[in-house]
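Residue numbers (this note's numbering), protein chains in the order written: chain A, 1 to 106; chain B, 1 to 106; chain C, 1 to 275; chain D, 1 to 275.
Don't read these hints as lab results, they were simulated from the structure.
It is possible that part of the hints are untrue.
Unchecked claim - Beta-carbon label-pair distances, calculated as ranges:
#	chain 1	residue 1	chain 2	residue 2	range
1	B	37	A	16	19 to 25 Å
2	D	47	B	99	45 to 51 Å
3	D	137	A	35	30 to 36 Å
4	C	175	B	69	44 to 50 Å
5	A	98	C	42	46 to 52 Å
6	D	227	C	273	37 to 43 Å
To be verified - Which residues of chain D face chain B? A partial, calculated answer using Cβ under 10 Å:
#	residue
7	18
8	60
9	61
10	88
11	89
12	90
13	150
14	188
15	190
16	195
17	223
18	225
No experiment lies behind these values; they were computed from the predicted model shown.
Glycine residues also receive a C-beta, built at the ideal position from the N, C-alpha and C atoms.
Given next are the chains, with one letter for each unit.
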Amino acid sequence: MSLYYVQKFIYNINRDTKLQTGFAANADMILANYDLTDEEACALREADIGLLYVMGVNGQLLMHYAAYRGLAWDDYIQAMKDGLAKYGEVRAGSYVTIDGGAGGAV
Amino acid sequence: MSLYYVQKFIYNINRDTKLQTGFAANADMILANYDLTDEEACALREADIGLLYVMGVNGQLLMHYAAYRGLAWDDYIQAMKDGLAKYGEVRAGSYVTIDGGAGGAV
Amino acid sequence: MSLVFAGLCSHAPGITARAERAPAELREPFFANFNIMRQQLEAAKPDALIVIAAEHFANFFMDNMPAYAMGAAPYYEGPIEDPDWLKIKRRKIPGNANLSFRLIKTIMQDIDLAYSEEWKCDHGIMVPLHFLTPNYDIDIIPVNINCQTAPFTPLKRAWAFGKALRKACDFVDERIAIVATGGISHWPATPNSGKINEAWDRDFLDKFARNDKTALLAYNDEAVYADAGQGGAEIRTFIALAGAVEGRKINIAFYAPIPIYAVGCTIAMVDLDES
Amino acid sequence: MSLVFAGLCSHAPGITARAERAPAELREPFFANFNIMRQQLEAAKPDALIVIAAEHFANFFMDNMPAYAMGAAPYYEGPIEDPDWLKIKRRKIPGNANLSFRLIKTIMQDIDLAYSEEWKCDHGIMVPLHFLTPNYDIDIIPVNINCQTAPFTPLKRAWAFGKALRKACDFVDERIAIVATGGISHWPATPNSGKINEAWDRDFLDKFARNDKTALLAYNDEAVYADAGQGGAEIRTFIALAGAVEGRKINIAFYAPIPIYAVGCTIAMVDLDES
Ligand SMILES: [Fe+3]
Ligand SMILES: [Fe+3]
Numbered sequence: 001m002s003l004y005y006v007q008k009f010i011y012n013i014n015r016d017t018k019l020q021t022g023f024a025a026n027a028d029m030i031l032a033n034y035d036l037t038d039e040e041a042c043a044l045r046e047a048d049i050g051l052l053y054v055m056g057v058n059g060q061l062l063m064h065y066a067a068y069r070g071l072a073w074d075d076y077i078q079a080m081k082d083g084l085a086k087y088g089e090v091r092a093g094s095y096v097t098i099d100g101g102a103g104g105a106v
Numbered sequence: 001m002s003l004y005y006v007q008k009f010i011y012n013i014n015r016d017t018k019l020q021t022g023f024a025a026n027a028d029m030i031l032a033n034y035d036l037t038d039e040e041a042c043a044l045r046e047a048d049i050g051l052l053y054v055m056g057v058n059g060q061l062l063m064h065y066a067a068y069r070g071l072a073w074d075d076y077i078q079a080m081k082d083g084l085a086k087y088g089e090v091r092a093g094s095y096v097t098i099d100g101g102a103g104g105a106v
Numbered sequence: 001m002s003l004v005f006a007g008l009c010s011h012a013p014g015i016t017a018r019a020e021r022a023p024a025e026l027r028e029p030f031f032a033n034f035n036i037m038r039q040q041l042e043a044a045k046p047d048a049l050i051v052i053a054a055e056h057f058a059n060f061f062m063d064n065m066p067a068y069a070m071g072a073a074p075y076y077e078g079p080i081e082d083p084d085w086l087k088i089k090r091r092k093i094p095g096n097a098n099l100s101f102r103l104i105k106t107i108m109q110d111i112d113l114a115y116s117e118e119w120k121c122d123h124g125i126m127v128p129l130h131f132l133t134p135n136y137d138i139d140i141i142p143v144n145i146n147c148q149t150a151p152f153t154p155l156k157r158a159w160a161f162g163k164a165l166r167k168a169c170d171f172v173d174e175r176i177a178i179v180a181t182g183g184i185s186h187w188p189a190t191p192n193s194g195k196i197n198e199a200w201d202r203d204f205l206d207k208f209a210r211n212d213k214t215a216l217l218a219y220n221d222e223a224v225y226a227d228a229g230q231g232g233a234e235i236r237t238f239i240a241l242a243g244a245v246e247g248r249k250i251n252i253a254f255y256a257p258i259p260i261y262a263v264g265c266t267i268a269m270v271d272l273d274e275s
Numbered sequence: 001m002s003l004v005f006a007g008l009c010s011h012a013p014g015i016t017a018r019a020e021r022a023p024a025e026l027r028e029p030f031f032a033n034f035n036i037m038r039q040q041l042e043a044a045k046p047d048a049l050i051v052i053a054a055e056h057f058a059n060f061f062m063d064n065m066p067a068y069a070m071g072a073a074p075y076y077e078g079p080i081e082d083p084d085w086l087k088i089k090r091r092k093i094p095g096n097a098n099l100s101f102r103l104i105k106t107i108m109q110d111i112d113l114a115y116s117e118e119w120k121c122d123h124g125i126m127v128p129l130h131f132l133t134p135n136y137d138i139d140i141i142p143v144n145i146n147c148q149t150a151p152f153t154p155l156k157r158a159w160a161f162g163k164a165l166r167k168a169c170d171f172v173d174e175r176i177a178i179v180a181t182g183g184i185s186h187w188p189a190t191p192n193s194g195k196i197n198e199a200w201d202r203d204f205l206d207k208f209a210r211n212d213k214t215a216l217l218a219y220n221d222e223a224v225y226a227d228a229g230q231g232g233a234e235i236r237t238f239i240a241l242a243g244a245v246e247g248r249k250i251n252i253a254f255y256a257p258i259p260i261y262a263v264g265c266t267i268a269m270v271d272l273d274e275s
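Please work from the sequences and hints to get the whole structure.
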């Protein structure tokens, strides 16, 4: 249970281009600074946006992380939907999907 | 004029043992992350506590930095006094010396 | 008094990032109203623009989450997002640290705000500036209210902050503009992104337009979350503006749900000269 | 009511770092009173200890300087200083995030405190814990009031914080202890370190002991800086405690200037049972 540090890593990297450079060069070295489970470190390294969404990462952090990792808008929305199908319901936090995603624009 | 970033570096390194390890390995690489003049970077790298004191670094930051850089208590107090003699009055901030240091215990 | 302009606008990143994907018949009047707002702001000749924003983890995390914070830096930077994604170029934005600290010292007598001598702007500030100060030639002072993670700033405290901010503005010599920016109902950054509760929005905007303090402060977090989604927490920025112009009506210049922008797009201005 | 203990102590790092350099006739009664305070704290059987501290840039910098912050983490770490320098071993300290958030939600209705889901303790908290909970077997909740960099938290707001904290304590089922910790007059971290204005201290402690709100809130920052040095800003922690026990007298168990500890060393306790 280290959702706090998953989110802290995303917070830090979203706002720091120098950290982004370091992460591109050696992801594991950067991730080692955070108290993460293997599943969490893997999801961050592989940009498994669906899993991060299901873990409960705040959407405002995840949206920017997905963009930084190169996902176009529609692909980012799809990644969350795929994550729900693959990993089940959102496990924590308030960024749950309601009504199966009804009302969405994509 | 980047006293803000001198202090931010000290704030960060005082509280982060991983950053301390990185600084020991490659001080210039760490200092490059802060917006510093050459004089400031040099004072930090060389632990010129007297100059940092005269620059106006908040005493609560500098006291811990001096300890981290290995100065014993009396040597830290003496370094500030030497800084005043060498560089003149404290240039900024509220950690000025009054009455020539009267009332001090060391 | 030195408050010379007060208004509110949406800031959803889709407004610039996915601008062309909205139907022209919605996008064009929305952008036209941004333009009117910009003209009125310019006509007011402000010395500084205070942006009351709801940021999205640009500067504040749960290691130190303030109920509100105000910038006090000589310059700011933004956007933190990939500029190609947001379609707004990364740049420095001028600030005025001296003015910030004069405002802060007054406000902190009533409101316990945090102060920040550096600040990175996300879309919450960059999208409004893109439309309102496209030449980035006016000093801005960023403000954040915690709308991003619970426990949120209580609504009554957001109102009190607006009131204290107004008092501080009236206390300085500079001509001050305030733009608040937030969404009403929306479910951003979820598969529901694009869902908008138009009936709820229109009811909220009616209370906001009348500047009905009692009605605005009667909302509660659980009901707002249920009816207005994760993004509904951003009504705090509306309420702070209402507090800043207490007693005055607020003109809703534009409102339309635009799903691909993920929010009910809103432009509102206050006539500060009316008696 | 669930406040079971309230007290105040000094926290200067010299108290542990340079312990043996003070004259025995001052050190021994000072440490003996720390021991009495520990016994009274233990006898009160608290479920949690709130430490109202004045930190020294352990967690908060001018990028986001809150007027006050409260920890809400399952555990904390400290000291940040070199353990060999402070002569206190680095360790984890147990916390109670659930209790923290219940207190925070009550306090934030009146006071705009920041909350922190991680926290590193410096000597400001570690020195008191070293004497008061030497086995680190009680959940602590750290609180900081900005005494370290101007603009400081206004004194009247520090009082209001203490009052709001007390209300929040009375609202939970747990048995709560509060220890405030700060210095009175001192010129720390300068060549004047060791200078103490004993007359000013005794006058301040007289007002504090009588819990004279009017007199305590009549101090102003400029005069405190001139008369009581950089460290005088830490009177905010005394004032917050006074607000928390409004209407009750405060017993000064020990006061003596100890220059090598760089502060007038103080131990005070409140009899919460007296009518
Ligand atoms: Fe938003
Ligand atoms: Fe202190």
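Honestly, which of those hints from before does the structure not fit? 3, 5, 6, 10, 11, 17
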